Every structure is written in C-alpha cells, then in structure tokens.
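A.B. asks: Residue strings, one per chain:
Number of protein chains: 4
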Amino acid sequence: MDYQDIFASACKEIQSKTSHGKVADYIPELAKVNPEQFGVHLETVTNSGFSFGDASTPFSIQSIAKVFSLSLAYELVGERIWKRVGVEPSGTSFNSIVQLEHDDGIPRNPMLNAGALVISDILITQLDNPKKEFLEFVRLISGNASIDYSSRIASSEKEMSYVNNALINVMKYFNNINNDIDEVMDFYFHLCSIEMDCEVLSKSFLFLANKGKLTTTGEKIINPSKAKRINAIMQLCGFYDQAGDFSFKIGLPGKSGVGGGIAAVLPGEYTIAVWSPRLNKQGNSVRGIDFLEQFTTMTKHSIF
Amino acid sequence: MDYQDIFASACKEIQSKTSHGKVADYIPELAKVNPEQFGVHLETVTNSGFSFGDASTPFSIQSIAKVFSLSLAYELVGERIWKRVGVEPSGTSFNSIVQLEHDDGIPRNPMLNAGALVISDILITQLDNPKKEFLEFVRLISGNASIDYSSRIASSEKEMSYVNNALINVMKYFNNINNDIDEVMDFYFHLCSIEMDCEVLSKSFLFLANKGKLTTTGEKIINPSKAKRINAIMQLCGFYDQAGDFSFKIGLPGKSGVGGGIAAVLPGEYTIAVWSPRLNKQGNSVRGIDFLEQFTTMTKHSIF
Amino acid sequence: MDYQDIFASACKEIQSKTSHGKVADYIPELAKVNPEQFGVHLETVTNSGFSFGDASTPFSIQSIAKVFSLSLAYELVGERIWKRVGVEPSGTSFNSIVQLEHDDGIPRNPMLNAGALVISDILITQLDNPKKEFLEFVRLISGNASIDYSSRIASSEKEMSYVNNALINVMKYFNNINNDIDEVMDFYFHLCSIEMDCEVLSKSFLFLANKGKLTTTGEKIINPSKAKRINAIMQLCGFYDQAGDFSFKIGLPGKSGVGGGIAAVLPGEYTIAVWSPRLNKQGNSVRGIDFLEQFTTMTKHSIF
Amino acid sequence: MDYQDIFASACKEIQSKTSHGKVADYIPELAKVNPEQFGVHLETVTNSGFSFGDASTPFSIQSIAKVFSLSLAYELVGERIWKRVGVEPSGTSFNSIVQLEHDDGIPRNPMLNAGALVISDILITQLDNPKKEFLEFVRLISGNASIDYSSRIASSEKEMSYVNNALINVMKYFNNINNDIDEVMDFYFHLCSIEMDCEVLSKSFLFLANKGKLTTTGEKIINPSKAKRINAIMQLCGFYDQAGDFSFKIGLPGKSGVGGGIAAVLPGEYTIAVWSPRLNKQGNSVRGIDFLEQFTTMTKHSIF
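Chains as they are written, first to last, in the working numbering: chain A, 1 to 304; chain B, 1001 to 1304; chain C, 2001 to 2304; chain D, 3001 to 3304.
Please note that the accuracy of each hint is not assured.
[To be verified] Pulled a few chain C residues facing chain B out of the computed Cβ check, cut under 8 Å: (1) 2012; (2) 2045; (3) 2046; (4) 2166.
[Unchecked claim] Straight line, CA to CA, 20 Å or less: simulated DMTMM-like cross-link-like pairs of lysine to aspartate or glutamate: (5) B:1281 - B:1075; (6) B:1281 - C:2293; (7) A:211 - B:1183; (8) B:1226 - A:75; (9) D:3300 - C:2180; (10) A:300 - B:1075; (11) D:3158 - A:180; (12) B:1012 - B:1025; (13) B:1300 - A:104; (14) A:300 - B:1079; (15) B:1226 - A:293; (16) C:2032 - C:2005; (17) B:1158 - C:2036; (18) A:226 - B:1290; (19) D:3131 - D:3079; (20) D:3226 - C:2054; (21) B:1131 - B:1079; (22) C:2300 - D:3075; (23) B:1158 - B:1195; (24) C:2281 - D:3103; (25) D:3281 - A:104; (26) C:2300 - D:3180; (27) A:158 - D:3180; (28) B:1300 - A:180; (29) D:3300 - C:2159; (30) D:3132 - D:3079; (31) C:2158 - B:1183; (32) B:1281 - A:293; (33) D:3213 - D:3103; (34) B:1211 - B:1036; (35) C:2022 - C:2036; (36) B:1131 - B:1054; (37) C:2281 - C:2036; (38) D:3226 - C:2182; (39) D:3132 - D:3054; (40) B:1158 - C:2054.
Hints in this document: simulated from the structure, not taken from any laboratory. Note that the coordinates shown come from a computational prediction; the quantities given were computed from them, not determined experimentally. C-beta atoms are modelled at their ideal positions from N, C-alpha and C, and glycine is treated no differently.
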C-alpha cells in the first residue's frame, strides 16, 4: 500500500483542528514544553519514511521506554520472566496500588509502572553496568548513537515519585524486588528520561514489525515468537485504562508516554510515532490518538 | 498459506496428550457431556474447510453467542451502543460484581455476563420478536437453517442463575436495564443455549474475517469498521481474565464458552473453531487453547 | 440523674434550628412523609418517660427492625448464628455488594441489608409461622399489641428492591441462603415495614438497657451476655459508614432507619428514640443525630 | 465492685491453658522474646492496683503508643485534626493500602498505621523537639520518668518498613504529609519502640478512664469530651479487623500492639493492661483476649 498521500492528508486534517487536553504537570520539567507541537513519522519495514510537523524535535519518551526494557529483559531471561510479572490487562490506572496488593506483589503486566519497576530490577541483576548497557541497547535498535538519558528529567521525576516509591515498597515487602530500592528507582527514572524525536522513535520500534530483526542490518534483536508476544502485550496493556478504546479505534499494538508520544506497530508493514504534548485524562496524547484513528481509518488497514 | 498439513499435524499432537481440566458443572446439563471429546474445524475466507475429530458433534456454544448478539445489536444501534457498555478489559472474572458497582452499572465490556445482559436488553427493545429474529440472524451468518435454541440447556441455566440475577438487579438499580428483568434473563438464557458443531461455528464467524460480509453470498452483515471493532473487543476481552495470556500465546481475536468451545479469527484469512469440554480455572477449554497455541506457533501467523 | 430538664432543653434547641437533608425517596411511600416532623421519647429502666414533639406519630422504622430480628434469631439459634454472619464493621455503605463477594457470601454484620437477609432466612427456618411469630415477638418487647406490618410499605419496597435482590442472589450462590429467595425477601420487606411511634420504639429497646429483661414484668427476653453483645454490634455497625462518627459524637449503641428514626441505648439507664425524616448522605436522620449529640453532651453521660 | 478475687481467678484460669498463636516475627527484635510470658495489671481510678504474672517485665508496646500520640495531637490541634484522618472503622487489616487509595490519602482512622503516620506528621509540625516532648508527655501520663524509646527496636523496624513506606508515599502524593518522609518515619518508629511493663501501661491509660485527668494529681491532660471520643475511637478501631469481635466479646475500648500487649479502659472504673507475646492472625494477643473475655464475663461489667 502507498501510505504517502493518506499520511499527508491525515496529518493536515488533525493539525487543522483545535487541540485540547492538558500537558503533564506532575513532573516539573515536562510542564515546560510547548503544548501546540505536533509531529509524526512513519517508517516502513522496507526503510521508507515519511515525516510531518515537529518530527525532528526530541521529546521525553517516558513510559514508551518500558517496551525497550521489556524487550531486553525478555531476551536475557526468557519465559521465566513471567513468574515475576503478568501479561493481563489491569482495568485500572497506570499507577494503581490496589491490584498489586491483591496479587501478592506480582504486577499485572510490564506496561504498568509496577511492572516496569520489576523489569528494571531484573535488568539490574542481569547487567554488569545496567544504565550503560541499556543505553547501548537502545542505541542499537534505534540505529542512533546519540540517544541519551536526560539527567534533568531523571532528577525531576525523582522529586515527585511518591506513588512509584509506594509501589516498589509494596513489591519489596512481597519479595518481588531483589535489588536495593534506590538503585532500582534510579535506573527506572533514567529509563523514562530518554529523549527521542518521532523519526528515531519509529525506527526504534521497527524490529517489532519485522519479526524481531533490525530492518537495516538484519541483525536479530529477539526471536519472532518474542516479538509477537511483546506486540500482544502492547495491544492489551499499552494504554492503561484506555487500552480497549485504543484497540477498538485504531487496532494497532502500541505504547504511549506522558510526554505526549505514542509509538505503534503494524506487524510486517510499518511503525509510526506521533507526538503532541496535550494529554487526555488517561494520560495519553489527545492529538496522537486522533491522528492514529484518522490514519488507520483512511488506510483501512489494522491488525484486525 | 497452505494450512492443511499444519492443521493435521497440530491436531494429532494435541490429541496424543493426556487431557486435564474439569468439565463445567455449575449447569447440570453441561456436566453430562463426555469430557474426552475433541473437535476442530478451520474455514478459510475462500471457503475451504478442514475438519478433525468430533468436528460434527453439536455442543452448547454458551458465551460464544455473545459475539452474535453484539454483532446484531451493534448493527442495529450503531455507536451509541457504547453509552451502555464499555470496551475495556476488566481484569476480573467473568461474573464479577465488584467492578459493576464501581462503574455505576455500566459493564466493562460486552463479553462479560453483565455486558451481554445489557446487549440482550438492547435487542429486546430493538426487535419485534427477539428470540425469533435473533435465531434468524444466527441462521443467516452460519448458513445453516437448522440451528436452534436448546430449551433443555436454557432451563438448566435458569435454575442456577444466582450471579446473573445479582448482576442484572444491580444494573436495573443503576437504570441500565430498560426491559423486564425476567424477559431479559429469558432471552439471555436462550442465547447461551444455542448448539453448533465446530464446522458450523467456524462458518458463523467468517464474516468477521471478511470485513463484515458473508464469504458465500457476499451479503453485508455489518460494515468493515464494525467488524474490525468487534475483533478488537474479542482480542482484549474474549477470554475473561485469561485474555492477556490468550493474546500472548495465540495472537488471534476469539471467544470462548464454558461448553468448551473456542472460536478464533485471523482477519483476511480464516476462522477456526475448536471444542473440548475440559476447562481451566478461568473457564476456558484446556485442549482448545493448547491446540490453538500449537497451530499458530506452527503457522507462524497471527495478527501480531 | 434527672434527665427531664436536659431533655426539654435539648429538644427546644434542636427544633429551633433550620433543618436540612433529604427524605428517603427510593421507596415511593416513604417520600410522602412531611419532612419537618420531629419527635423524641426517652424511657428509663425504671419506667419513667419523657416525650417531645411528634413522639406519638407512627413512622416506618425500617432497618431499626433488624435489631428485633437479630434478637429473636440469636435467642433461638445461639452462638452458631455467627457462622452465617460476622460481627465486624464494614467500612462501606449499607447495600454494598463488594465486600460480600470478597467474603464468600458471609455478610460482614447483621445490620447490613445482606446480614439482615441472612437473619431473615434463619428465622424462616426456625419459625413455623415466621411473619406471625415475629410480630408477636415485637408486640411482646414493645408491650403494645397493636403493632403491625404496613402492607403498603412492604409492597412499595418490593418494587424497588434491585440491590437487595442482587445481594440475596450472591448469597444464594454461596449457599448462605437456605430458603426460597422470594420467601426470604417477603419476610424481610414485612420486617422493615413495621410502624411505631417514638414512645413505643424506645420501650421496645428497653430490654437491651436492662440486661435482656423487660422492665415492666421482668420477663427474660434474652440472657445478659447476649444483650451486651447486641449492644456491641449496634455500637460498631448500627449506622453504616457513619458508625465511627456516631460513636464518636454520641457514644451510645443505637440503630437508624431510612424512615428517619434512631433508637439508642444507655445500658442500665435508659433508651431514647428520635424521629425526623430528613437524612444525611449516609442515610441517617440529620436532626436525630444532632439531637442525640446535643443531649449526650449536656448529660455528660455516655458509655465512654 | 471488688475486682481482686475475680482478677486472681481469671488470671489463674488463663495461665492453666495451653497457649497458641505466633510471636510477631516481621521485626527481628520482637521475635527474640520468650513466648510463654503472661502478665496483667489492673489499676482503678482510685489508684488501687492488682498485678499477676510477668506484670513487671517491660515489653515493646508498639501500636498501643498510637493512643498516646493521638491524645497529645488532639489536645494540641483540636477538632480540625479530623480533616486529616477519619474516625470510621476500616474493615481491613492494619496495613492495608487499598482504602487509603480510595479515600484520597485520608486514612480511615488514627489507629491504622497510615493514620498514626499522619498523627506523627502533625506532632512534628506542632512540637519544637518532637521526640523529646512526646517522651515527656508519656512520662507525665504514666507517672514514670524512666520510660524511654528503645533504639534497638526502632532500628529493627526501620529495616522492615516497606509497607509503611508505601503508605506514607501514597499520603505524600495526596498532600496529607507535610514534613519530610524520613523524619516522620523516624518519629513513628521511635513512638512504636517505647517499652513499658503492664503496671506502667495500665497507669498510662488511667486519664482515659478519669474524664481526661490524672488520678494521682488531678492534672488535666485532655478535656472530658476528648477523652470520651478517644475511647470511642478505640472501641471501633483499636483491634484492626477484629474490632467487632473484641467489642462483642469484651465490651471495653482498648488498643493492642504486635508486641503482645493490650490496654483496655472501663470509663469511671479502671484500666487493665495484659501482655502475652503469641498473636492471632489479626495481630492481637491470643492470651490477652482470652483473659479479658474471661475477666469481663466474670465481672459482668462492660460499657454495654
């Protein structure tokens, strides 16, 4: 299918609408961003790309990075990873403590904050130099050696991390955190602080559209079965308590972050990254979701 | 792709394994079935079919019928149906009352019992002769004029319907049931009592693999966007609190019933119906899930 | 202590204030009452009584009758009654289904609707002619042979009983209801339909202030230990999710009803019944609570 | 009433029974205590005292100290204290996070860990030298200048404080903690580390049986209305999810600690402190509750 025209037409239509929603303000650094920005990049598995708007402006990818940490941890640890974190959607908001308490410290899925903290704990155990090696992994899959943590954002998160502190303490109580709490939190904050622009972000997800291999070099990142399973997890758990709605309207596996970014995957075809800072009450980008709904409706192409 | 060999090989492998799990016993009639039965039928959108085992033995499709009632109601009422029932996965078991109470009588999704009761209420309002017209709809999509309700099963359900009674009373309290409680319950019990064999069941789902049209006559049942959305709902909500696990292992939208049946869809390709009465603790067929995992792993083909 | 002056002064003070709150409207019959009425009666264990205002106007005692059914069932069945209903406060509203589902069908306490339904089920099993014999018991403890059910109120409740239907169905599912659901509901609605005025109501509670004996004839209704325990249950569970606040402000065991009545007990001293139809959001009489707070503050006398 | 004979007889009866239950082991220091110890002391408002068994052996009073911190904070702050903590029983275990999340960071009552953390936060704001001044308060009400914190116990708690860390972080998120988390936790751990023997403990509670005044000097600690209200809170919330059962069997306001101590109050008459380290599953002393049930049954005297 030729995406270029549909892509351009969907971009213009969304940009012409008045935007609504609120920029994330619980992290001081995120609140400073210009809320009117809007960028998109689509990259096919055959390495064609289309950009629109602020597609080259770096932003804080926040929770989208949970897909990268899951991919690396899953490849390192294999199926026994699921003893420590589930694969079921939660039906509650991203930072809910309630279900965690009922499930004896096993988070429902790795896309929730609690689950991403467990994945962070696993990576700290597995890696000699966790922050450095994780960054190398992200640079590898994105094909971009300049990707880095933002220490400014990481520090900003640390100041407002009461709910994450609560979550990790509950899991430590249930013996589902093996490393020092402060070390896990530090890794997690760095992970969430990574900055990318839409083009780099869409390229970073391409291995998930390509059965686990880089489209550029053919290098295997994870095996096809794991790529399929990560897509399945994104489909059911990637948008917190809006997962059903996103799946219903857009029909692609994907992941959002409170920085306003969304990355989505049409397996075998393309990845798409969209960014616009205003969020709806579930914490997902309003314009990002509007654009993806428009685009997939026009292409008549989804996983369903 | 040529499914025939993989199909045959997956069937044999599953049948050779010892089966475990328990036949549903909360409904007296269901408890009487021979637990060792196992049947599968795959039907492609080009109307090729492959059968194995007890694929021609009728069984009680139970909750799988919720997909049929949702399809008809959605076509009749359109998008305003979502004011009365959500599209989010629930994270709880199929008959949980807890979330219903929190969400002011709006069920989380139409695959939960509560949601299917609301859909039944909508059909009663929309149809002049609800039970008759619904049956005609099921006969149309299955291409089989002999499909019928089992009054034996419907009566058997009625005797043990305490939780469903509780659910419908809570929703009536919240004004989300418009018709008489007994009439809605009677319709719901009939709906769940429909009997089909695997071949007929897989053919009944083909319109969902074919953008809403019958593959035989080309007749439009629902529009493509609605077919996509029903698949999305099955993907996230079709297996109760095993939805994530099913999506993760198998990667197809589908729906299970406590009679031991499962119907699944690979959009654009095929539908598959599998039946084996022994259930796991989430109420899904043990052998059905094992078979579908085996089959999709061998075909290396899913929506992801 | 001489209560007369304090009583009169507290009555006047409350009556002089503007009343607020809303009359119960979920039962059509209750909504018809004049909301400005206010009556009080205090009766000592030495059979002195003081009345004020509308103390001789009969009203629907509603949930206050749960104390009578508990007293009779407890006397008939003894301590094994606590296998079917707990004695812990619930922390939730009177008709919550949530906790019931978590506790496997055992209601938290007999003052919740669910608990009173279990007590009704026990009485139906224990008594040959449940409605007749229960009425005789109430006539005995009140010393008033004209007390009766209001079939008007009982029918009115029946029409709006969705939540109670939900509760009893959940308990039936968990095997904690032995008799026919309709029979238990009919008994429960009759129980709640009893009408009394403040004077009769306060006299009906006197055996709980007098170690289980009637103050008039000395006849034993229940033994002292059971009277103490019923008072303890009222203290912790008599005002739904306002139990702590009532205990804190007033410091007497008591029970409220959505008809606007409250009966309270100072063991060894007196009982007091107050009635005023406007309710707060927890379903308790606004003026009733204001009066009792005023009165116990002035007497400086409570159980604490 | 002459308590001496009943007291002696109840003590002997309890001591003759085989003890069961488990010593608290979540804090290493508590696990080291000899589990067979048993002590009781009763002190009347006229300053007569009776001791039995290990009544002069100091033990860790743990959560019983929450009554002291509440008393001091309530006296300092007055009724506006209830904007930050409720007075309702919780229906859940002492360290549940669930209700806290639902109630927007306002703990249900000051006897739960979360509530005691808020009270600690208030004292830190109110006092110039919180730990020193609180200790002076406890020395004053106990009439014992040698009472002190155990730094050994306080450090031991700190190591295992994951759930308390979770609770305080949730409340900080909801803006219900004003001071530094570490400072509040340090104060709370010291508070819980106080050691007393039964005699001193019972004397420390006497002002609550004496309308807020010391029985020795007549000095006012808190006013009568506040004393009544603290008793009411203990009655409804002093024994976590066994509050109803304790009230039902014993009928006295009181407070337990995981060190195996219980202090109880019969207003106008006496206080009683009992200690035995083995706990039931709700975290209350098995022998302590058995003794108090025996004793109040024999005296036929409770608040009810």
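A.B. asks: Which numbered conditions among the earlier hints are violated in the structure presented, ordered from lowest to highest?
C.D. replies: 1, 2, 3, 5, 6, 7, 8, 9, 12, 13, 16, 17, 19, 20, 21, 26, 28, 29, 30, 32, 33, 34, 36, 38, 39, 40
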